[in-house]
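Given next are the chains, with one letter for each unit.
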Amino acid sequence: MALTATFEPRRSATVGDYFALLKPRVMSLVIFTGLAGIVAAPGHIDPATAFTALLCIAVAAGASGALNMAYDADIDAVMSRTANRPIPSGHIARGEALGFGWTLSIAAVTVMGLFVNYAAAALLAFTLFVYVGVYTLWLKRRTPQNIVIGGLSGALPPAIGWAAVTGDLSLAPVLLVAIIFLWTPPHFWALSLWRSDDYARAGVPMMPVVRGKTSTRRQILAYTALLVPLGLAPAAIGLAGPLYLACAGGIGAWFAVEAVATLLERDAIKEPAARRLFRVSLVYMFALFAALIVEKLAHIAPFASWL
Amino acid sequence: MSDIDDKSRRRRSIAIALALGGLVVLFYVMTMVRVHP
Chain A
281 MALTATFEPR RSATVGDYFA LLKPRVMSLV IFTGLAGIVA APGHIDPATA
331 FTALLCIAVA AGASGALNMA YDADIDAVMS RTANRPIPSG HIARGEALGF
381 GWTLSIAAVT VMGLFVNYAA AALLAFTLFV YVGVYTLWLK RRTPQNIVIG
431 GLSGALPPAI GWAAVTGDLS LAPVLLVAII FLWTPPHFWA LSLWRSDDYA
481 RAGVPMMPVV RGKTSTRRQI LAYTALLVPL GLAPAAIGLA GPLYLACAGG
531 IGAWFAVEAV ATLLERDAIK EPAARRLFRV SLVYMFALFA ALIVEKLAHI
581 APFASWL
Chain B
2 MSDIDDKSRR RRSIAIALAL GGLVVLFYVM TMVRVHP
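Chains A and B, in that order, are what the protein sequence lines are. Each residue of the first sequence is one higher than the one before, starting from 281 at the first, in our numbering. Each residue of the second sequence is one higher than the one before, starting from 2 at the first, in our numbering.
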């Protein structure tokens with residue numbers, strides 16, 4: 281179905297429908313990593329400015345979710361996981377979702393520029409461009425590398441939070457971005473292993489659909505092998521301390537074990553190892569950024585930089 | 002328009018009013034923060 285497909289509402293939209301359009305679960309992870317960037321950054325930011333920065337990150341994340349649902353309503357309609365979303369289920373018209381998403385996007389970037397700083401606003405605008413322009417409109421329907429490159433948008437919130445405090449970027453926020461960037465392929469490809477029929481039916485060229493499950497399992501392991509050592513690096517550059525190192529080492533090892541189990545998995549229908557990997561990937565991401573926040577707030581000193 | 006549609010519209014209007022009110026408060030507070038850092 282083309283992008284011009286129309287989805288007209290069958291009943292009046294509720295406030296809950298609009299809230300669902302913001303992809304609240306994705307938004308919560310973005311808020312969390314953005315908060316970690318704000319907390320971990322050196323220097324002072326007053327609470328009102330920090331709140332505004334976080335609000336802009338949250339609203340922009342929600343807006344990009346709404347735009348993604350509007351542009352991909354035809355895909356969502358044929359996938360069981362997404363068929364109940366507000367547009368394919370006929371609760372919100374596609375045009376309304378586009379207007380809602382673009383209004384929130386412009387508002388979030390403008391408020392960030394006016395009340396926080398231009399560096400954070402520029403990074404926020406770039407994040408929206410990557411998610412909506414590069415991922416949703418360009419790559420998602422064309423290449424199995426869609427979530428690898430598009431994953432940059434989901435990786436940027438810690439850098440936006442950092443820039444909100446310092447007004448610029450350095451090695452530390454780039455490292456945090458790199459960690460989320462390498463985390464995204466194993467996370468989404470684990471999901472796509474047991475949802476591959478759904479993606480195939482919708483014509484989305486996810487890795488298991490295009491290259492097959494065996495290749496996907498190998499690539500999951502390859503990205504995990506890069507991610508787990510990189511996950512330790514914030515301790516090496518003096519950004520993180522013992523709590524972070526324990527989480528990155530312990531849960532990272534668990535992540536690697538499940539990636540190997542996914543490679544060796546023989547149940548290609550239920551994919552139990554991929555389901556476990558998906559869950560541990562969420563625990564890993566949450567634990568790493570929670571450890572950064574806790575260490576900073578509890579004044580647990582980071583290790584001295586080795587660089 | 003049915004009662005359910007009417008109720009949905011009223012709730013949407015309240016949500017928009019609250020969002021706009023929140024934006025006014027945000028602009029006021031942030032202006033004060035920037036004027037008196």
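Treat each hint with caution, since some may be false.
Claimed, not checked - Simulated restraints on C-beta separations:
(1) A:375 x B:3: 19 to 29 Å
(2) A:379 x B:6: 29 to 39 Å
(3) A:409 x B:19: 24 to 34 Å
(4) A:328 x B:6: 20 to 30 Å
(5) A:305 x B:28: 39 to 49 Å
(6) B:30 x A:550: 23 to 33 Å
(7) B:7 x A:522: 17 to 27 Å
(8) A:383 x B:34: 22 to 32 Å
Said to hold, decoys possible - In silico contact screen, one side only, chain A against chain B (beta carbon under 8 Å); selected entries:
(9) 291
(10) 292
(11) 294
(12) 322
(13) 326
(14) 329
(15) 393
(16) 397
(17) 398
Said to hold, decoys possible - Partial list, derived from the structure: chain A residues whose beta carbon lies under 7 Å from chain B:
(18) 295
(19) 330
(20) 332
(21) 395
Treat the hints as calculated values from the structure; they're not laboratory data. Where is the CB? At the ideal position from N, CA and C, for every residue including glycine.
We went through each hint and held it up to the structure:
In this structure the hint that residue 375 (chain A) and residue 3 (chain B) lie 19 to 29 Å apart at CB holds, the actual value being about 22 Å. As the Cβ distance of residue 379 (chain A) to residue 6 (chain B) is approximately 20 Å, the hint placing it in 29 to 39 Å is violated. Judged by the Cβ atoms, the range 24 to 34 Å given for residue 409 (chain A) and residue 19 (chain B) holds: they are separated by roughly 30 Å. At roughly 39 Å, the beta-carbon separation of residue 328 (chain A) and residue 6 (chain B) lies outside the given 20 to 30 Å, and the hint is violated.
A C-beta distance of roughly 29 Å is found between residue 305 (chain A) and residue 28 (chain B), which places it outside the suggested range of 39 to 49 Å. Checked against the hint of 23 to 33 Å, the pair residue 30 (chain B) and residue 550 (chain A) fails, with Cβ atoms roughly 52 Å apart. Distance hint check for residue 7 (chain B) and residue 522 (chain A): the Cβ-Cβ separation is about 59 Å, which falls outside the suggested range of 17 to 27 Å. Between residue 383 (chain A) and residue 34 (chain B) the beta carbons are some 25 Å apart, a value that agrees with the proposed interval 22 to 32 Å.
For residue 291 (chain A), the interface hint holds, since its Cβ comes within 8 Å of a Cβ in chain B; the closest pair sits about 7 Å apart. Given the 8 Å rule on beta carbons, the hint for residue 292 (chain A) holds: about 4 Å separates it from the nearest Cβ of chain B. The interface hint given for residue 294 (chain A) is met, as the beta carbon of that residue sits about 5 Å from the closest beta carbon of chain B, less than 8 Å. Of the supplied interface hints, the one on residue 322 (chain A) is violated, with its beta-carbon coming no nearer than about 19 Å to a beta-carbon of chain B, more than 8 Å.
For residue 326 (chain A), the suggested interface contact is upheld, since its CB lies about 6 Å from the closest CB of chain B, less than 8 Å. Hint status for residue 329 (chain A): holds, given a least beta-carbon distance of 6 Å to chain B, under 8 Å. Contact between residue 393 (chain A) and chain B, as hinted, is not supported at the beta carbon level, the nearest pair being about 12 Å apart and thus beyond 8 Å. Using the Cβ-Cβ criterion of 8 Å, the hint placing residue 397 (chain A) at the interface with chain B is not satisfied: the shortest such distance is roughly 11 Å.
About 14 Å separates the beta-carbon of residue 398 (chain A) from the nearest beta-carbon of chain B, more than 8 Å, and the hint is not met. With 7 Å as the threshold, the beta carbon of residue 295 (chain A) comes within range of chain B, its nearest partner Cβ sitting at about 5 Å, so the hint holds. Taken as an interface hint, residue 330 (chain A) does not check out: its beta carbon lies about 11 Å from the nearest beta carbon of chain B, beyond 7 Å. For the restraint placing residue 332 (chain A) at the interface with chain B, the shortest Cβ-Cβ distance is roughly 6 Å, inside the 7 Å limit, so the hint holds.
Here the hint on residue 395 (chain A) is kept, as its CB sits about 4 Å from the closest CB of chain B, short of 7 Å.
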